[in-house]
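Enquirer: If you want the building blocks of each chain, they are given just below.
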Amino acid sequence: MGEGAMIKQQIVGKPKAVQLDFLPFKFCPGCHESLVWRALGEVIDELDIEGKAIACLDIGCSGILMVGLTVDGIHCLHGRSTAVAAGVKRVLPQAICFNIGGDGSLGAIGVGHVINVMMRSDPITTIFLNNSGYGMTGGQVAPTSLLGLRTTTTPEGRDVQSAGFPLHLSEIAATMTGTAYASRVSVHTPANYQKARKAIKTAFQKQMDGVGYSIVEILCACPPNWGLSPLAANSFVEEKLIGEFPLGEFKNVDKIEHTFDPELKRVGRVKRG
Amino acid sequence: MADRRLLSGNEAIGWGAILGECKAFFGYPITPQSEILEFLATELPKAGGVFLQTEDEIAAVSMVYGSSMTGTRTMSATSSPGISLMQETVSLMAYLKVPSVIVDVCRFGPGSGMAQTSQTDYRQVTKGGGHGGYRCIVLAASSSQECCDLVQFAFWLADRYRMTVYVLTDATIGQSCELVDLKTRDFGALPDKDWVLRGLDERGGNGQGIHPHMWDYVGYHEDMNEKYREITENEIKYESYRMDDAEVILVAYGYVSRMAKGAVDLAREEGLKVGLLRPITLWPFPTNVLRELSLQAHHILVVEHSSGLLVEDVECALQGKVPVHLLGIWGTHRRDSSGIIYPERIVEEIKQMVGVA
Ligand SMILES: Cc1ncc(C[n+]2csc(CCOP(=O)(O)OP(=O)(O)O)c2C)c(N)n1
Ligand code: SF4
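As given, the protein sequences belong to chains A and B, one line each in that order. Going by our numbering, the first sequence opens with residue 1, and the numbers climb by one from there. Going by our numbering, the second sequence opens with residue 1001, and the numbers climb by one from there.
Just so you know, the hints here were simulated from the structure itself, not pulled from any lab data. Accuracy of the hints is not assured; some may be wrong.
Straight-line alpha carbon distances no greater than 30 Å define the calculated DSSO-like cross-link-like pairs of lysine-lysine that follow [to be verified]: (1) B:1023 / A:265; (2) B:1183 / A:271; (3) B:1046 / B:1261.
Kindly produce the complete structure, drawing on both the sequences and the hints.
Expert: Here it is, written out as structure tokens:
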């Protein structure tokens, strides 16, 4: 146990589900992803699901945390954590499966899987980290990048003609029947952190109650790629990011209503063996 | 009484999965594979397994990965373009030593193209296919019976060596119906799956499935080479047919090996001493067997429904000591994608080769 970790534990207390060896978190100064992991650790403790949780970690900065929690973790390829989590949940329904990834992983290369788990109502939970760009690869434009934001691949700022409009995944999730819970939160103030924690808890609860798919989008600061100091990046979340991506619950249901038309069972093709 | 049924190769694959204790299947429709999907959609849930038609082959293989990580025997089946889409995850599973069984009912590429029979995936499946310099075991089935048996063997091999095992067939084998003895095969004891991740309550622990060789990549490749050597030593499978006094040796697998068998019989009726070597494991390839057999042979004729892929391994094995001939896709009876290589055409090639008119 490192000395730094010791002090941290004494001052703020460490969630049981966060690995002590891993502290301090290995993110850039001012990065919000470490707060997300703390919140996850706290929720796992609160719900007492450490023994049942399986984390499917995507590629990107969130993947750095592949050993950040004490729970079982599966490292997945870029964009595929959603499908992997769905696969795990199918064969191990008693597990609490969640995947975590950035806006490149889940908003670009793997967005198809996200839409499909919503459609199938796979009872898994997605933690979607929106930091308005690609973190790990050094600040390229992401589907969520703000219009006008300078990135390494939109040197004149994101323009509509070449890069289109920002992706609002939580709002899309809310339109899908199979979604039980969709919300967008941030962690840039203590009060918002508490709301984020609550949202993650509700999302896990939907899964545990077998309601359907749940997703929590978390706005995160990425100071180095925004070219801002940690403090300025924190304010940027408040002043700019929330403007494009309003916080709030977009869907929260305890039961997904549906009906079958019995007549349909008599039409359609059947293969005879 | 034995359970004998008339089954297509694809249905026999499905039965092989059920008899081989497969408990999860993730797949996507593609001709000429879809009957496997349709069969398992009905039969696997009855056998207590999970079936899901996924959004694409990338999702299918991602779910195979997740499911296999929990220790569940898991399979996917597809055809050539689907195999291409799966390669990134197959590479990851090779690296993390995750067992899986993937069936490839080979068709003509590309995905926009023809769905008829071909053997054009040989190089993709036997030489790795993805990135990272790994290998997969490749079992080539040439009958419905073998489809059923080799899928069971594939599950055993996958668990034994913790790797992906391909079962390679083709549209002809997949779609032809033959009698099959439905029998559960036992291949022996398997090591305990002490690597699975099922949550801390059950077993496992953080990080087990993650970058086991993060700090020793050289060690990783040394381990892999050791495993591949062990497999090459123990698992090579082949069939030799009428080889005793053969002076001409045919080499073929899959549906073409059935035609080659017919050609051996026809040629022998005409007094030509012809035999067939049919590799069942395409990797590991029966290199030494071929080398030994070639001592008695004047000619080797590779017959394959491609432009010449298997022939590369044969040439590599023989190192120029015996002339190697190739009857490739130009041996099919039609020039469009519905062509088949028939026995008569193979006999004609043999005669030309040995100089009999
Ligand atoms: C198939 C594939 N393509 C590209 C990459 C390279 N890559 C690694 S991380 C990453 C982007 C990650 O960005 P994001 O998902 O937003 O996560 P963040 O780092 O911001 O948390 C990319 C493109 C990869 N690992 N695999
Ligand atoms: S690059 Fe951005 S997302 Fe990645 S660790 Fe640094 S601040 Fe966090």
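Enquirer: Hint by hint, where does the structure go against what was stated? Just the numbers, ascending.
Expert: Violated hint: only 3; rest satisfied.
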